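Listed below are the residues making up each chain.
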Amino acid sequence: MKNDATILIAEDDDGHAGLLTKNFRRAGLRNKTMLFSDGEEILEFLFGESRSQHVKDGEAYVLILDIRMPKVDGIEVLRQVKKDKKIRPMPVIIFTTTFDPDTVKLCQELGCSKYLVKPTDYDKFIETIKQLGILITAMEVPRIIGTDKTN
Amino acid sequence: MFSSYIHAAGLKKKFFITASMVIIFLGLSIGIIEYFLRSRSLHHELEIYGSSIVRHLADSAVDPILTQDIVKLKRLLSETVREEEGIAYAYIINSKGKIVAHSFDNGFPDGLKGIHTLMPGKAYSSMLLKTEKGYMKDFAAPIFNGIGTAYVGISTNRIRDALSHTMWTISLLTALLLVIGILSFNFIAGTLLKPLDMLTRGARKIGEGRYDIRVHVESKDEVGLLASSFNAMAEKLEATISALEDDIKERVRVEEMLRKRERQLTESQKAAMIGSWNLDILNKALDWSDETFRRFDKEPGSVIPSEEYFVQLVHPDDRASVADAIRDAIERDAPYHVQSRIINESGREWVMEAYGVVERDEKGKPLRFLGTAQDITKRKEIDAERERLIRKLKDKTKELEQVVYVVSHDLRSPLVNIEGYYKEVEFSLEDLKDAVLKSGAPREMKERVTEIMDKDIPESDRYIKASIRKMDSLLAGLLKVSRMGHAALAIENLDMKSLISNVILTLEYQFMKAGANYEISELPACAGDVKGINQVFSNLIQNALKYRSAERPCFIKISGHEEGGESVYCVEDNGIGIKEGDMNKIFELFSQIHKGNEGEGLGLNIAKKIVEKHNGRIWAESEYGNGSRFFVALPCAKNA
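Line by line, the protein sequences give chains A and B. For the first sequence, numbering that gives the first Met the number 0 gives the first residue as 0, with consecutive numbering after it. For the second sequence, numbering that gives the first Met the number 0 gives the first residue as 0, with consecutive numbering after it.
Each hint can be trusted.
If you only want the chain B side, here are some residues facing chain A, beta carbon under 7 Å, derived:
id	residue
1	His408
2	Arg411
3	Ser412
4	Val415
5	Asn416
6	Gly419
What the hints contain is simulated information worked out from the structure, not anything from laboratory work. These numbers come from a predicted model, not from an experiment. Beta carbons are placed, not taken as given, at the ideal position from N, Cα and C, and that holds for glycine.
All chains should be modelled from the sequences, with the hints used to inform the complete structure.
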């Protein structure tokens with residue numbers, strides 16, 4: 000059951016998203032992945048009304064979140080996730096180019112599970128992806144239990 | 000007139016006049032008394048003498064008369080006149096009153112006839128007659144029971160002469176007395192009046208302003224006492240006068256100085272265009288300096304300033320705050336410093352900056368309120384312009400930092416892709432190679448593919464990877480620099496010896512690798528942000544390690560001292576040093592004067608940024624080929 004969590008990737012750079020999924024596969028992760036190209040899209044998925052594109056009750060999710068995104072940035076997404084009682088337990092892994100200590104501190108205060116800096120060194124990148132994979136595997140991923148929005 | 004002369008005369012003259020008058024009076028009195036006494040006794044003597052002569056003549060004349068011997072009678076008369084002293088004439092009359100004989104040569108004078116008749120029964124009688132030969136005393140005596148009468152005339156000249164002699168004697172005596180008096184007076188004046196005179200003269204000289212005069216009197220009497228009192232007084236007077244003169248001299252000097260100062264003050268006020276004012280709180284009188292008048296576009300003294308007059312010149316919007324500040328200064332001793340707009344009566348508006356203090360008496364009661372007034376309109380304008388420029392600069396700096404921050408981030412994104420997909424390409428090429436080698440392709444093609452894969456691609460690979468790393472390191476550096484701009488400092492007192500020891504500890508591996516040694520002397524504390532200062536010295540020490548000389552073992556010396564409110568530290572190495580022409584470049588962004596070295600060329604720029612954020616200074620000295628010294632000056636540690 001632990002590996003069936005859906006990996007949500009909020010990343011405006013398609014290249015980065017591609018590298019992530021490619022390397023997840025290479026690292027042996029077989030989870031379902033969903034891509035969102037900006038903050039608004041992921042928020043719509045998490046909180047929106049659309050039935051087809053919505054978090055499903057009883058499912059487990061992990062969010063890999065970039066910070067610098069158009070429309071709504073990652074910090075704001077994180078803030079809203081951690082404000083919502085239902086979504087809050089979902090692990091959020093910040094994966095970004097930003098290694099500014101102030102930003103790191105802010106994300107940790109807001110409640111991110113992990114803060115990872117995108118490396119440019121490919122070997123390090125792979126290592127980081129593996130770390131992420133292990134993290135997702137090892138992490139106790141709580142299922143989203145629907146309360147008000149039951150089908 | 001005489002009395003006034005006496006009053007005006009000196010003591011010596013008075014004394015002299017008095018003594019002379021006394022002597023003359025005494026002489027006169029004695030003379031008069033003597034004259035009368037002498038006159039009486041002379042008259043008495045004459046009476047006796049005359050009467051005895053006349054009686055003797057009468058006795059001697061009895062016989063000749065009785066015998067009618069006229070000749071004898073005549074002889075008798077002339078003998079009497081000749082022999083007896085002073086007899087002027089003699090004659091005899093008979094009982095019938097007829098002149099029998101007389102001694103006159105030129106006949107009997109008519110005036111004498113019958114003038115003197117002898118009273119019967121009297122032994123003689125006398126009578127004073129006035130003749131042309133002067134006074135005569137005429138004596139008459141009866142001759143033998145009245146047969147006739149004998150007359151003798153005696154001149155009183157004798158008496159006159161004797162009296163005159165007496166008078167002369169007395170006059171002489173008086174004169175002598177006068178001479179003696181004058182001489183003794185001189186003696187007295189010499190002994191008694193001389194010191195008095197000296198005192199007088201001394202007093203006069205003191206009156207003329209010669210306070211050094213002293214009187215020398217030997218005597219121990221009252222005059223001596225007076226003299227010594229006089230001297231004491233003169234001494235005291237001299238001391239007082241001299242003190243007074245010094246005082247006056249000092250006062251004149253001070254006044255002169257004051258005038259000079261005032262001139263200087265006026266001049267400097269004019270030059271600096273700072274006016275001064277002085278409010279007498281008790282009398283409510285406001286005094287303006289000339290320059291203050293000019294500030295208000297007024298000729299000095301052309302108006303009488305007052306607090307009310309001043310307040311109504313203040314811009315209406317500032318009036319309340321100025322009035323409050325004045326009240327606070329006077330009533331609560333608050334420091335008076337106001338900046339207010341002033342609208343002169345000429346209509347010119349300006350900005351006045353005024354400072355003031357309140358002078359109080361020992362009980363704290365305000366006496367005077369005084370201070371300065373300056374036109375700071377220009378300064379205000381300049382200040383505003385400066386503020387605007389600073390704000391603009393800050394905005395620009397912030398903007399630039401933001402740009403750097405964003406760019407360095409956004410540049411990392413493609414870099415991640417380049418690296419990532421390049422690796423994918425490599426994977427794909429590897430797959431391609433496998434596929435080609437396993438296929439039935441011609442041998443030359445397989446050889447060609449193998450050559451590309453084993454030689455060409457790794458060469459490209461090396462450059463691409465090195466470039467990516469370089470790019471990444473540059474972006475990381477840029478990010479650090481931009482972050483330095485907006486990171487807040489947490490200033491605290493830093494124990495620099497332990498801080499630098501820690502820095503060296505974290506660089507232990509690099510020290511080992513470089514075979515470097517170090518020495519830290521005693522270091523003063525400073526006030527700084529621990530992270531920032533750590534970074535500064537870490538960068539400096541790393542540079543010292545990096546640019547070591549190959550010719551000698553690396554040695555780094557860290558020392559420090561306090562100087563002018565700053566703690567100055569020195570990181571000294573014996574490395575390759577810096578060329579003089581490069582000295583001004585070393586702190587610039589991305590300056591790497593030694594090509595081919597690792598690093599992003601930001602270490603010194605970051606160090607400079609951090610030090611400057613601390614209001615400190617960083618500079619370097621170097622001897623090319625022998626080593627460098629980097630200096631960091633930071634604010635001294637604050638007392639807790």
